[in-house]
Amino acid sequence: MVDMYLVGVGGQGIITASKIIGDAAVLAGKNVLLSETHGMAQRGGSVICTARIGEVHSPLIPDGSADVILSFELLETLRALCKASRSTTVISSTERIVPLSVSTQKFKYPEKEDVAREVGRTSKSFTLVDAANIAAEAGVPMSSNIVMVGALAGTGITGLERSHFERAIAMNIQRKLAENLLAFSGGFGLTNRRS
Amino acid sequence: MVAEERACPLADRSKRYFLYGPNHFEDMERILEAPPGSKVLLLGNEAIARGALEAGIAIGTTYPGTPASEIGDALARVAKDAGIYFEYSTNEMVAAEFAMGAAASSVRAMVSMKHVGLNVAADALMTFAYTGTRGGFVLVTADDPSCHSSQNEQDNRYYALLGGIPLLEPSSPQECYDMTKQAFEISEKLELPVIVRTTTRISHVRGPVTVGKIIEGLKKKEFIKDPTRFVTVPAVARVRHKVLLQRLKEAEVLAEDSPLNRTEKVNGGGTLGIITSSAAYNYAMDAAEELKIPADVLKLGFSHPVPTEKVSRFLRDHRTVVVVEELEPILERAVRAIAQHRSIQTKIVGKDDGAFPRLYEFDQAIVAAGLNMAMGASPGSQEAQPVQAENLPVRPPVLCAGCPHSATYFAVNKATNKKAIFASDIGCYTLGIAPPYNAADFLVCMGSSVGSAGGLAKVNDQPVIAFIGDSTFFHAGIPGLINAVHNGHRFLLMILDNRTTAMTGHQPHPGSDRGPSCCDITAVSIEEVVKGCGVKWLKVVDPYEIKTTTETVKEALQEPGVSVIIARRECALIAKRDEKGAISKKHYIDQEVCKKCRTCVDRFQCPAISSVDKVQTIDDDLCAGCGVCAQVCPYKAIKEAK
Chain A
377 MVDMYLVGVG
387 GQGIITASKI
397 IGDAAVLAGK
407 NVLLSETHGM
417 AQRGGSVICT
427 ARIGEVHSPL
437 IPDGSADVIL
447 SFELLETLRA
457 LCKASRSTTV
467 ISSTERIVPL
477 SVSTQKFKYP
487 EKEDVAREVG
497 RTSKSFTLVD
507 AANIAAEAGV
517 PMSSNIVMVG
527 ALAGTGITGL
537 ERSHFERAIA
547 MNIQRKLAEN
557 LLAFSGGFGL
567 TNRRS
Chain B
4 MVAEERACPL
14 ADRSKRYFLY
24 GPNHFEDMER
34 ILEAPPGSKV
44 LLLGNEAIAR
54 GALEAGIAIG
64 TTYPGTPASE
74 IGDALARVAK
84 DAGIYFEYST
94 NEMVAAEFAM
104 GAAASSVRAM
114 VSMKHVGLNV
124 AADALMTFAY
134 TGTRGGFVLV
144 TADDPSCHSS
154 QNEQDNRYYA
164 LLGGIPLLEP
174 SSPQECYDMT
184 KQAFEISEKL
194 ELPVIVRTTT
204 RISHVRGPVT
214 VGKIIEGLKK
224 KEFIKDPTRF
234 VTVPAVARVR
244 HKVLLQRLKE
254 AEVLAEDSPL
264 NRTEKVNGGG
274 TLGIITSSAA
284 YNYAMDAAEE
294 LKIPADVLKL
304 GFSHPVPTEK
314 VSRFLRDHRT
324 VVVVEELEPI
334 LERAVRAIAQ
344 HRSIQTKIVG
354 KDDGAFPRLY
364 EFDQAIVAAG
374 LNMAMGASPG
384 SQEAQPVQAE
394 NLPVRPPVLC
404 AGCPHSATYF
414 AVNKATNKKA
424 IFASDIGCYT
434 LGIAPPYNAA
444 DFLVCMGSSV
454 GSAGGLAKVN
464 DQPVIAFIGD
474 STFFHAGIPG
484 LINAVHNGHR
494 FLLMILDNRT
504 TAMTGHQPHP
514 GSDRGPSCCD
524 ITAVSIEEVV
534 KGCGVKWLKV
544 VDPYEIKTTT
554 ETVKEALQEP
564 GVSVIIARRE
574 CALIAKRDEK
584 GAISKKHYID
594 QEVCKKCRTC
604 VDRFQCPAIS
614 SVDKVQTIDD
624 DLCAGCGVCA
634 QVCPYKAIKE
644 AK
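So the sequence lines, in the order shown, correspond to chains A and B. All residue numbers for the first sequence refer to this note's numbering, where the first residue is 377 and numbers rise by one. All residue numbers for the second sequence refer to this note's numbering, where the first residue is 4 and numbers rise by one.
Derived by calculation from the structure, the hints in this document are not laboratory data. Idealized CB from N, CA, C, for every residue including glycine. Where hints are given, some of them may not hold.
Partial pick of chain B residues on the chain A-facing surface, computed with a CB cut under 7 angstroms [said to hold, decoys possible]: (1) His207; (2) Asp289; (3) Asn394; (4) Val397; (5) Arg398; (6) Lys542; (7) Ala611; (8) Ser614.
Okay, derived cross-link-like pairs now, PhoX-like style, lysine-lysine, Cα gap no bigger than 20 angstroms in a straight line [to be verified]: (9) B:Lys417 to B:Lys550; (10) A:Lys484 to B:Lys617; (11) B:Lys642 to B:Lys599; (12) B:Lys42 to A:Lys406; (13) B:Lys295 to B:Lys268; (14) B:Lys588 to B:Lys539; (15) B:Lys216 to B:Lys184; (16) A:Lys482 to B:Lys184; (17) B:Lys550 to B:Lys539; (18) B:Lys588 to B:Lys642; (19) A:Lys482 to B:Lys617; (20) B:Lys599 to A:Lys484.
So the derived label-pair ranges between C-beta atoms look like this [said to hold, decoys possible]: (21) B:Lys42 to A:Lys484: 43 to 51 angstroms; (22) A:Glu431 to B:Pro237: 49 to 57 angstroms; (23) B:Ile218 to A:Gly430: 30 to 38 angstroms; (24) B:Pro438 to A:Asn407: 39 to 47 angstroms; (25) B:Leu164 to A:Glu487: 52 to 60 angstroms; (26) B:Cys600 to A:Gly535: 49 to 57 angstroms; (27) A:Glu537 to B:Lys642: 31 to 39 angstroms.
The task is simple: from the sequences and hints, build the whole structure.
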């Protein structure tokens, strides 16, 4: 059983990322459940997806029990830490999307160091991914989400093969597939010890 | 691999459709083209659509609403290729009535809606249970425990009890698919409408679904007249109510034998029994496994009428039975009634004992706490918590960059100096509740802006402005407007016409000129409807023109009766995707000219404009090029990029 908690901001392609994980699991012949937030969350709000691989019934991940937190945005990484424990792997994009509340309500956007400290205090490991740059270098600047899926796949925690992910990407992405696979590879290499 | 050259067989179809989802080709392939026996990852809602296609529906209808929207959206995309008729109806009542007319003529029909949509359709449904149906009639309703995107968390299982209607409750995408198919069988066997009730965590969960064969259902039929059944004058209704109660007895027999009501063993089974349904079943299974509690689980997929014999046997076989269900204690009260009636002494534990909350959606941790209490292992129950902001910068949903509603609200605030009462309605524009606009003071349901505005105006001296979206106006705003004209109310109605049903995923509405794949549609003019309601003062503005909009609002508020302004500008997301944003020039803030007055962040709201360390800037990627901020800035510091 692998419990993955995906967070970010509306418009970052998190649901697509979760569908790729889900399709990869189905291709591998495993049971998988995904849940996603819709509706109000589409308008630039925080977005949460869960992905659970294994013989589970509930799609939800209670506090302190995520195996992986895959965050597409730095502030949302911090917000997701309620799901973390000392056995949680945290992978976060360096991307910052400053919410309006920082402009209007005297909230402060946390520094990268603040995030790293909090993750270090609560979790097992922390990997920062410069997803936007890796995606841009691959020729698909909008595909940070694919880089993040690559970083997740590279850890091997999911128990799925690289080929399952690559086929799942082809099932979900029609335009610029080769470039997207390159973006995936860029993320994969960051977390994969063998590559 | 040359990916972009891979021919997408469905690519050319996109232009005819109204939907803009990035992945709708793939989803369409899945729902329509997944071969029999294959296992595909489907959203619960998509699985319902596939199940309906395999049941051979002739008719699908809906009014969009989260978390039910994807059922209709899936059917809308595939309707033409699947050879079915699908429509986005004006509201849930019309959607249900349309499907009833078809089903009374012996074809199969499905109507889907969010939970509060059934409040609108209930008038028709309560009496359709009396007439019954000839062809299978399935109403899908999606509840929203925790109000993820709704104004309440009502439990729609009560409608099954209220109307005397068989109820199916799937727990997974696979069951969404299975039960939708079975619902049509049950409906035809009993000649009754059947409710399939999901929740957010059923409709919006993806999982593997093994699909079967899509069949071509009966599409045309000759209506056989039978007014003594289908025309519910009192003399007919009295007879049909009796028939309904007889059919419900037959339904209970079906529920007794239904494989949808089954017993499972967790950790080898035991003297603890759990009775559960819907999403709560999932949490109960995971919690019992996690806690290593040996238990028998009676899962009720066909939960109304409750199978009395099956529940009695289950009670007698267990020393303690825990009832696990979200929201209202409906199963629990039914189980307690059965125990009392049959003099069964089994200890029954549920919400009435405080083991489980009556609020919000559950998860496995909440159910584990309840099971622990039932086992006597732990004293207290864990309260379910609403989604809470921590001590971090909050990130609520906001109006998008370039959103015409944002411009409208800025203009209205300028015109009224915020000294007006704002009756709001359901849609993206409800987000105007937040600062800096504070443009929502009262809201209960679809259409309530227009209806409540009259009452607010009658007993207050402040001016009253009602805001309603184009789709919501067609849905429920028109009777309120007629009422206001007829009874001489005084308020300004602003119809925020962004040419789509934006919040739920850009579905069309009666004013749209693009519809589902199967339909030839006619756009209904909002102006003509407003005039037809008897409104004498009507103006149309482009909300991107702040000055004109502001002046028009001031002028409208001088009117002694009902005045209407249509603020018309296409949703910025659609304009962006169609690459026809009106002004479409990126803007920037000239820091040399900027006086740091913060008007652009304190009185206007745009996700592209941020203020960090007292410096306001525009994010070039996010800027929609609407140019509204340039009109907002008092110092002309915001300029078009070269």
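These are the hints, each one checked on the structure:
no.: 1; hint: His207; verdict: holds, 6 angstroms
no.: 2; hint: Asp289; verdict: holds, 5 angstroms
no.: 3; hint: Asn394; verdict: violated, 9 angstroms
no.: 4; hint: Val397; verdict: holds, 5 angstroms
no.: 5; hint: Arg398; verdict: holds, 4 angstroms
no.: 6; hint: Lys542; verdict: violated, 28 angstroms
no.: 7; hint: Ala611; verdict: violated, 10 angstroms
no.: 8; hint: Ser614; verdict: holds, 4 angstroms
no.: 9; hint: B:Lys417 to B:Lys550; verdict: holds, 10 angstroms
no.: 10; hint: A:Lys484 to B:Lys617; verdict: holds, 12 angstroms
no.: 11; hint: B:Lys642 to B:Lys599; verdict: holds, 15 angstroms
no.: 12; hint: B:Lys42 to A:Lys406; verdict: holds, 11 angstroms
no.: 13; hint: B:Lys295 to B:Lys268; verdict: holds, 12 angstroms
no.: 14; hint: B:Lys588 to B:Lys539; verdict: violated, 37 angstroms
no.: 15; hint: B:Lys216 to B:Lys184; verdict: holds, 11 angstroms
no.: 16; hint: A:Lys482 to B:Lys184; verdict: violated, 54 angstroms
no.: 17; hint: B:Lys550 to B:Lys539; verdict: violated, 23 angstroms
no.: 18; hint: B:Lys588 to B:Lys642; verdict: holds, 9 angstroms
no.: 19; hint: A:Lys482 to B:Lys617; verdict: holds, 11 angstroms
no.: 20; hint: B:Lys599 to A:Lys484; verdict: holds, 19 angstroms
no.: 21; hint: B:Lys42 to A:Lys484: 43 to 51 angstroms; verdict: holds, 48 angstroms
no.: 22; hint: A:Glu431 to B:Pro237: 49 to 57 angstroms; verdict: holds, 55 angstroms
no.: 23; hint: B:Ile218 to A:Gly430: 30 to 38 angstroms; verdict: holds, 34 angstroms
no.: 24; hint: B:Pro438 to A:Asn407: 39 to 47 angstroms; verdict: holds, 45 angstroms
no.: 25; hint: B:Leu164 to A:Glu487: 52 to 60 angstroms; verdict: holds, 55 angstroms
no.: 26; hint: B:Cys600 to A:Gly535: 49 to 57 angstroms; verdict: holds, 56 angstroms
no.: 27; hint: A:Glu537 to B:Lys642: 31 to 39 angstroms; verdict: violated, 53 angstroms
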